[in-house]
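> Read off the chains here:
4 protein chains.
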Amino acid sequence: MASALPPETLRVTIWNEFIHEQTVDQVRQIYPSGIHAVIAAALEAKFGTEVCVRIATLAEPEHGLTYAVLAETDVLLWWGHAAHDRVEDDIVQRVHERVLQGMGFVALHSAHASKIFRRLMGTSCMLRWREAAEKERVWVIDPGHPIVSGLRDEWFELPNSEMYGEHFDIPAPEELFLVSWFEGGEVFRSGCAWRRGKGRVVYLSPGHETFPIYHNPNMQLLIANAVRYAAPTGGMYLGQGRNIVPSLSPISATHVVDENLHRAK
Amino acid sequence: MASALPPETLRVTIWNEFIHEQTVDQVRQIYPSGIHAVIAAALEAKFGTEVCVRIATLAEPEHGLTYAVLAETDVLLWWGHAAHDRVEDDIVQRVHERVLQGMGFVALHSAHASKIFRRLMGTSCMLRWREAAEKERVWVIDPGHPIVSGLRDEWFELPNSEMYGEHFDIPAPEELFLVSWFEGGEVFRSGCAWRRGKGRVVYLSPGHETFPIYHNPNMQLLIANAVRYAAPTGGMYLGQGRNIVPSLSPISATHVVDENLHRAK
Amino acid sequence: MASALPPETLRVTIWNEFIHEQTVDQVRQIYPSGIHAVIAAALEAKFGTEVCVRIATLAEPEHGLTYAVLAETDVLLWWGHAAHDRVEDDIVQRVHERVLQGMGFVALHSAHASKIFRRLMGTSCMLRWREAAEKERVWVIDPGHPIVSGLRDEWFELPNSEMYGEHFDIPAPEELFLVSWFEGGEVFRSGCAWRRGKGRVVYLSPGHETFPIYHNPNMQLLIANAVRYAAPTGGMYLGQGRNIVPSLSPISATHVVDENLHRAK
Amino acid sequence: MASALPPETLRVTIWNEFIHEQTVDQVRQIYPSGIHAVIAAALEAKFGTEVCVRIATLAEPEHGLTYAVLAETDVLLWWGHAAHDRVEDDIVQRVHERVLQGMGFVALHSAHASKIFRRLMGTSCMLRWREAAEKERVWVIDPGHPIVSGLRDEWFELPNSEMYGEHFDIPAPEELFLVSWFEGGEVFRSGCAWRRGKGRVVYLSPGHETFPIYHNPNMQLLIANAVRYAAPTGGMYLGQGRNIVPSLSPISATHVVDENLHRAK
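Protein chains in written order, with my numbering: chain A, 1255 to 1519; chain B, 1255 to 1519; chain C, 1255 to 1519; chain D, 1255 to 1519.
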């Protein structure tokens, strides 16, 4: 039970579509237990008992994202590619509300085209792409940003990557900390952050399923930093402890009624 | 036919829910021909033959927003309040795509809670409100911004206004040019702008239907400036003339296929 | 010696002009040991042994800001009003370089007109003001921002404040988390943050010397949060531990020579 | 006399250090009349009689930037490289004030290290560089931005360019519209915009003196667009016509006295 966790534990849920790893040999060899397993191990190696990682996948009831799970999640990571359209709209709505209430959200690689990421962004989130196992060089654009903390150089390389290139149809990132260079001639805003409601949203682009990118120590460091960065800071008038909000009742589109006509006197 | 317009004409469509003016006496007295009529007259007084204004309302087929109308619209203004939920989702989708393609969008007052504005923002767009006919003082925060060009002072007052107050759940405005002060003790980010895709989005908050706010010369100036500001600038690789894009085929959620593997040589 | 501190200690230096408290009775009664003493006590009450607070004042040699002091400072707070012009330019230059290297900088109240804040901003930082002991209501604009974490309501009041009003000539804040309402009819962006180089810069406006504003628990909470927020996160390729950079040699205006022509192969 | 110009004329001053063209054969062959002459011709070809171009150089009294010249300048372009330190501080101050009052400022290539650009930015503006006549591919990141309007593709190439690479120590651009890819493996934010006071600031990086980059039609288009973009829009409470402000008296660091205690009644 999460309620038995020490109060400072960072509660992370990794959502993985979990299809390619079960259907494509090349992917299974790289991620035999799923992409989520490699990311979970990396977070546990980094944070130890300070983190409690949960897994959720498309095939589970409610895609593994029940109200109870979301209520106990501080940061949600999302990896999807082949089945964006099979994610139920009401689950998307539920996650969206939870982000606005303060849950961190980290979109990985092809999650750029997921329903939830596009809803948070308000744009098409389309991009240019090419699979050619080419070199990607990831440059740090904002060396003081917490998500790049601990990188040992101003750039690192991924020898075989899927190219994701501009134009990437996102709202201008509120914080742009990585830009990638590709051997084939493209550039890409590969590390971006935004705030939506009380929640923080991070996008990290490297991570194709047919390359062992989530085994790369720099990528693992970036993901761990992104998780810590996206975690809610408590926020205001939200009660004590880590419960961002007491309930998950749907947000109404209508006005908030201002019961206290607190006029200045 | 729009095709007979001089090539530089600014083609504006004002969308009005157009309910209160027909059902509430107080509103009818202020806007006997509809809020849209007052705004249209203000734009025509300001721009003369440089503007071509079209009206669209909720009750019309497709809410007056056919593909043909949108294809000939450079800037769409939106006023709605009582019937946000009656706007069809596929019309919202159509408008959304058109904004991403470059059409300007100006949301007025209670349009903050419209489906289309919330989709563009990715947040709940909720706010605090109170109807007390109180004084609103609108302050210029960015005196070099084109939308405030022509205002004669650093602020202007609306003697009777509906209070819209913070927290306003929007993404941080890319450009914040107005902040309002309310007699009752609140503040509000009352003039904001964002870019979404190739389109510009503006929000102007003053404009309650029971007060003659759209008759105010300063508000008329702000709206005219917002229209000019939000108009597409032609953009890149979009052909000649004012056609933002040749077609309105739906945007796919899938990747853009990059047919030209234009490697640097 | 700071080198004997535990490695996680937050090293804060409070710089105070320290003139009004010694020359004006009204100010001395509120801050008998100086504004800095009240702020230091608040930080120590909040952070306990996790913080090490140092004081520096205008009258000291090098204004108390030697290279050694700055090298051991994670976050510098600045309060000045009557003697901005008496701060030596080479000290300003030294502080500026240190911020670019990663030191946090928190400008308080009339520090808006200090040389160092104006250099970091690149604008005049002028504003509108009035001393009338009027009510200021401070509104939270970004309820998920770490600097407002712990506030119990969406706003708090200061019964007697100096009015600081718009237009405030600053670059658009990268993060705007507070906007103030004033009884006399003005608004003001009273809590703002920017990044400059690897350092974070925060501005908090309430804090006039003739009102006991730094005794206010909400203001003390905001300042403590701002200090934590502005602290360097370690940053990239900067070695281990908390030393942001090994040396404080002046930044040259000339290009960085790129010795490694690290061409992609 | 500028006063005889039609009221809508765009008054542009091109400031060029004008050293390399007179001292280095290779540069003289590419720009026999100076870099400024090529840019001036491009602006005149683009805007015709709508523009009035003036030239100012380092060697002139007051570097050609008298109060009278600045008072009649809507947009100032700046090219400098070898002699940043020889620009007088009081001229820098004068230009800075004028930008805050609304004059547009377009910094070209090595002007990143000029005193005036660094003062406007508040950072070191350092970058990584290499002279290897390598290929630069300039990508459009914001296809709806007015400065890229008219480009026919999403990117264009410069076959021989000086590499300018990240990290570029600038404040996060308020608008980022170009990112460059370099053959040698770097990326660079090559088209950026900020607002400072009432003025707009643009930076365009391609433009090394030993390559004929300002003869490139795409670069000429970008510069022309940048000039139009940076031109003042009239602004608020600034009188009629194109005079941004009536006088050029120095900006004081002290507070603006608020003579009208315009309390809400």
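Rather than coming from a laboratory, the hints here were simulated on the basis of the structure.
Take the hints with a grain of salt, since some may be wrong.
[What the hints assert, rightly or not] Partial pick of chain C residues on the chain A-facing surface, computed with a CB cut under 7 Å:
no., residue
1, Gly-1398
2, Ser-1403
3, Ala-1485
4, Thr-1487
[What the hints assert, rightly or not] Label-pair ranges, simulated between beta-carbon atoms:
no., chain 1, residue 1, chain 2, residue 2, range
5, C, Glu-1298, A, Glu-1298, 49 to 55 Å
6, B, Pro-1260, C, Asp-1343, 41 to 47 Å
7, B, Ala-1387, D, Thr-1320, 39 to 45 Å
[As the list claims (entries may be wrong)] Residues of chain C clear of chain B, computed beta-carbon distances all greater than 10 Å:
no., residue
8, Val-1281
9, Ala-1291
10, Thr-1320
11, Glu-1351
12, Glu-1385
13, Arg-1391
C-beta atoms are modelled at their ideal positions from N, C-alpha and C, and glycine is treated no differently.
> Take the hints in turn and mark each one as holding or not.
Hints versus structure:
Hint status for Gly-1398/C relative to chain A: holds, with the closest Cβ pair at about 3 Å, below 7 Å. Here the hint on Ser-1403/C is kept, as its CB sits about 4 Å from the closest CB of chain A, short of 7 Å. For the restraint placing Ala-1485/C at the interface with chain A, the shortest Cβ-Cβ distance is roughly 10 Å, beyond the 7 Å limit, so the hint is violated. Restraint check, Thr-1487/C versus chain A: the minimum CB separation of about 4 Å is within 7 Å; hint holds.
Separated by about 36 Å at the C-beta atoms, Glu-1298/C and Glu-1298/A break the suggested range of 49 to 55 Å. Separated by about 57 Å at the C-beta atoms, Pro-1260/B and Asp-1343/C break the suggested range of 41 to 47 Å. A hinted range of 39 to 45 Å for the beta carbons of Ala-1387/B and Thr-1320/D is inconsistent with their spacing of about 54 Å. No Cβ of chain B approaches the Cβ of Val-1281/C within 10 Å, the least distance being about 29 Å, so the stated non-interface status holds.
For Ala-1291/C, the shortest C-beta to C-beta distance to chain B comes to about 33 Å, beyond the 10 Å cut-off, and the non-interface label holds. At roughly 38 Å from the closest C-beta of chain B, the C-beta of Thr-1320/C stays outside 10 Å, upholding its exclusion from the interface. Distance check on Glu-1351/C: its Cβ is at least 29 Å (rounded) from any Cβ of chain B, clearing the 10 Å threshold; non-interface status holds. Non-interface call for Glu-1385/C relative to chain B: holds, since the shortest CB-CB distance, roughly 19 Å, exceeds 10 Å.
With a closest Cβ-Cβ approach of about 6 Å to chain B, Arg-1391/C is found to fall inside the 10 Å limit, against its non-interface label.
Hints 3, 5, 6, 7, 13, counting from the list given before, are not met by this structure.
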